[in-house]
Amino acid sequence: MYVSRVRLLRFRGFSEQEILPGRHAVVVGEPRAGSTDLITALCRVLDPASARNPDLADVHRPLPELANDDEAAITEVEVTLLGLGEALEQDLHDRLELIDPQTGLPAGPNRSDEAVLGIRLLYRLIFDERVGDPEHTWEYPKNGDRAPRAERLTLGTVVIGPGAPLQLRAGALFRRLLTDLDEGTMNISLQTLADDVAATTGKLADLKVVSQALARVLEDGVGGLLGLRSDPDDNDHYEKVIGFSTGDGSVEALLRRLQAALTLDDSGALPVPAHGTTATAVLTVAEAMAAADLPGAVVLADNFGDGLDAGSAEYLAALLRRKSGQVWLSTRRPEVVRAFEATEVLRLTHSHGRRRHHQLPATTDKKERLARRPLHALLMPAMTNVTVALLEGPHDLEALTAAAARRMRRNGIAPPAAHRVHLAANLLEGGKSQLPKLARVARQLGYHVRVVIDSDKPGEDADLHAELVALAEQVIVLPERTAIERALVAGVPTGALREAAEALRDVYGLSIDLEGTPDVDLGKAIAKQIKKPNLHQQFIEALPDGVMPPLVEQLLDTLSAPPTTEVLIELPAPEDPASEDPS
Amino acid sequence: MTYQPTPDQQDVIDAHDPVLLVRGGAGTGKTTTAAAAVRAHLQRHDSAQAHLPRGQRQPARALFLSFSRTAVAQILERSADILGPYRDRVQVTTYHAFAWRLLQQYGTAIGQPDPQLTSPAEARLLPTTVTVQYSDLLPAALDICRVPAVVAHLRTRWSIIVCDEFQDTDQRQFDLLTAIRGGARLLLLCDPNQCIYSSLPGAIGVGRERLKAALALPGAKQITLPEASHRDATGVLPAAATAIRRRDFRHDAITTALSDRRLRIYTSPDLKDEPDQVAAAIDELRAEGHTTIGVFSHHNDATTQLSDELRARDIDHEIIGLSDCLTASLKTQHAMIEFAAGTATWEQVRRELAVFVTSAVRGKHAPPLAQLILGERVQPTGLLAEKLTALREQLAPRAAPIDLAAAAIHAADAHRMLSLSPGQRHWDHAAQLLAPMLTQSLRRVGDRRDTASVLDHLQQAITDRRTALLTNEIDGISAPIQLMGLYQTKGREADATIVVLRQDDFFGYESEPFESGSRLLYVVLTRARHTTIILLLGSPPPLIAPLSALAL
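Protein chains in written order, with the numbering used here: chain B, 21 to 603; chain F, 31 to 582.
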């Protein structure tokens, strides 16, 4: 089973949104862009346990000003569910609709051959401030019929949430699994458990010492206040009065109290939570997986992977994806995203003025697919940021990162990351000509895109610049004939250059002849030396205190500043300090 | 009732054949046996799945298709202990209700996203407003069955399908059955001697060829149940009916039936005696302790007229087959309530009222009264117009809060107030149905005092009830005395029946041996569990004439 369409209306931070997810959905995005809201919305409509009472936090704010005869604004979450499977289709026979899988809406005559059967389900919350109490309902939007809880339960939606796994209480996933496997034996065993507990606690209550203790409690005529017969000669007569039970005395009360204890090592049987957050998280996910496996159910989890190590998070996400009908994971972890196809990434933003969602469209185009290859390595680490700054290659990334770190450390200047700008290096073969492709993919995912680009030969890249200007909010072009290595040395006083180069030469065994190189050629020579053994970071660290490459600083400042109307920014070459100081 | 199958019936119950044609005369227990066979089939299916984990089990389901749901439902209700816990897994419906449901659910796929079922009376009165008529339902259902996803689903839904009165199944109904069957077993109940719809207008492919087509299906077999009546343990009436069908009027069975007084034939030379004769026969049967009595008359207009005469004699009864009139009554009273609430115009009320008047009178065209109500004609006396104005003033929207319950009472009284003559019984019946629907709608909406929601809910309840009536899903009949046309008697039964046959009844241009006419007589004469009275009025046509000889 999978959700092919979600419509949100006035739900939490969403005023109105229609989402057509891929086959699975990994929900990522900017903070406060709605990933928790989206998973919550799906829980409301699909998980009968999620909304026993209306939650006023679900109502979009601000509440509208209503005149006397205005109808109250309604909060709605509507889903279209497809791929129910034969058994569920038969169970929900009367609720089925013919759905166009491309739109998630009822199929018209032109699309009836491609259409599939599914259901639409609507959660509706009505809150009228003038009346007070909120009301909520579940309906089939096709005809407004109520969707009874029993029918919603048959959907078998699995929610991975807080709380210990392997629970026996009613409604728990583990209990659902047990019932599915052998309901008869389970029922008998639970009854036996109840009987045995009653028998054992009965024995305890029968102990003479128990009634003696009770007699102590009730002495001095206190028993009389409770209407109990007082007989000072017979201390045992309270034994019929006392018994012991859990909660309200039902089996369910007992089961709510029981928790699974596992023997994982020499420490013996311990309750699951005592084995640590990772063990608990692994078991929670594994249990959800087993429960979702049977009916091919929808699995929902918010902040998936928070309690897991990177490897387990990726592996369990991949397993969930394989075993469930559809998985919706919101996550902050790029490793989790790795378990998904590019088209399954659902990125939420609010930096475009209102909440939006972004997806890569399905494609069969080879070039397009190739452009998506570096998605995980390049864009996913940026998923919670607002802006991605695309750099030509790994050297640029290393240099800028090192420079930003040094500024932060030495001068307390916030790096671009603090301005939600993520630096990402192109890993595609083909150098800067690949940047437009990356920019396009980044834009499809809702990133604000900035690009930093060299200017090798004047005028040569005019077409590329124009293409990038159309895609990005900022295209920063380095001065003429300046690659990142030249940017590191440009404008740096020669004394500082020599000092740094000497340090590097000694440690890394560079072949540069510092003494024989005149000042005018020094920058160029050092740039060359930095490039080959990849010493960008080391060079920055080797610069004397108080010295930073001015061009790199300017680049970082530009990247950290809000975008302006000026998209193409050609950075000027820094003044040559040598020419300033002829001595 | 404890059901003890005969050996032949047991063969039907134990059969596994993909297609089983069960032939048997009236009263041989076909439907009851089919219920037992369905249960046996479902039980076998369940035990074959018992070893699977619960999540993997797929419950088998049965579909029971018929022409009138009431007829089958009656029998299933009586044999509830036969189906036992499997009752919920047996869907009982009519071909038309089935088709309507498909259209409602999947109409979008054939360009009918919001189909409205038009009643025959609406079609007669206002031909231009027609959207979906009764006759459009099966073609539409067949179109929907061409949608791959829908038909694939339907084909796995039922593991056994029972068709009642299979001999009267027409080509489209058979096509529908074939389309949705998939791997389901077919249990086809038939009695060729009860094939009475073959000469009805619009019947295509009804007749013996239907049985041949069924037997040509792969794996088809047939079992014939021996003549014996479960309705009448002595078998006297069915045997007499069989003799009459064969036109063997001197057969012992007829003599026995007459001498046992299970069959009584009364004659009267004067057609005008009809109401008195019927009333006398009803009294006679009631005095003998019969509770349910079916009164069958050939002519539809005669049925309506007879109904009025019986009402004048204070004999409480209902007319079967006027579901159209009942639905029109419901709709009109609903329109009046909506008018009182300010959500319908007076023109809408008049329109519904005209449809109601049309529905209460048989015929191809709308009656003049309907045209008067619509204002298309002017009554010289202006009396009706005055009464309509008075009704309008009574109902007219008042300031809030709107009293819907009071409006419902005025609507219930409107028939009397306007002095309309036909359809009184249905009007009153509709008022009885509407009152609890309104109460429920009011209760459901609770304290919100939200008239719009109450009206929405009421609208939905009325639409559901109306379509169920129009597709024969229900007939809303509860009175112990039921009037119906001869062609509507099939599948029904009563303690006793009164068959009214008149000089002016037309049975077609047949001559001896009157094949289809005799089949009709056979159906009509096998509806009583105990006693049948035949009333012959005037000098009867040749089909009937030999019966009057028996009366002497």
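Quick caveat, the hints were computed from the structure, so don't treat them as lab data. Just so you know, not all the hints are guaranteed correct.
Stated by the list, open to error - Partial pick of chain F residues on the chain B-facing surface, computed with a CB cut under 7 Å:
hint, residue
1, Pro-83
2, Gly-137
3, Thr-138
4, Gln-142
5, Gln-163
6, Cys-175
7, Val-177
8, Ala-179
Stated by the list, open to error - Here are some chain B residues the structure puts well away from chain F; computed CB gaps all over 12 Å:
hint, residue
9, Asp-75
10, His-113
11, Gly-164
12, Ser-209
13, Arg-236
14, Gly-241
15, Ser-371
16, Ala-397
17, Arg-429
18, Gln-454
The beta-carbon is built from N, C-alpha and C at its ideal position, and this holds for glycine as well.
Take the shortest C-beta to C-beta distance between F:Val-177 and chain B; is it under 7 Å?
This hint holds: F:Val-177 lies near chain B, its Cβ roughly 5 Å from the closest one there, short of 7 Å.
May I ask you to test the interface hint for F:Gln-142 with respect to chain B, counting a Cβ-Cβ separation under 7 Å as satisfied?
Constraint on F:Gln-142 not satisfied, violated at 9 Å.
Are all beta-carbon distances from B:His-113 to chain F longer than 12 Å?
7 Å, violated
Minimum Cβ distance from F:Gln-163 to chain B below 7 Å?
20 Å, violated
Can you verify the interface hint for F:Cys-175: is its Cβ closer than 7 Å to any Cβ in chain B?
11 Å, violated
Since B:Gly-241 was said not to touch the interface, does its Cβ keep a gap of more than 12 Å from each Cβ of chain F?
The claim stands: B:Gly-241 keeps its Cβ more than 12 Å from every Cβ of chain F (closest is about 51 Å).
In terms of Cβ atoms, is chain F entirely out of 12 Å range of B:Asp-75?
Answer for B:Asp-75: holds, closest chain F Cβ roughly 21 Å.
Can we keep the F:Ala-179 interface hint, with Cβ of chain B closer than 7 Å?
With a minimum Cβ separation of about 5 Å from chain B (threshold 7 Å), the hint on F:Ala-179 holds.
B:Ser-209 remote from chain F - nearest C-beta pair above 12 Å:
16 Å, holds
Against chain F, does B:Arg-236 hold up as non-interface, every C-beta pair farther apart than 12 Å?
52 Å, holds
Beyond 12 Å from every chain F Cβ: check whether that's true for B:Ser-371.
39 Å, holds
Against chain B, is F:Gly-137 within 7 Å by beta-carbon distance?
Violated, because the Cβ-Cβ distance from F:Gly-137 to chain B comes to roughly 10 Å (cut-off 7 Å).
The structure fails to meet hints 2, 4, 5, 6, 10 and 11 from the earlier list, while all remaining hints are met.
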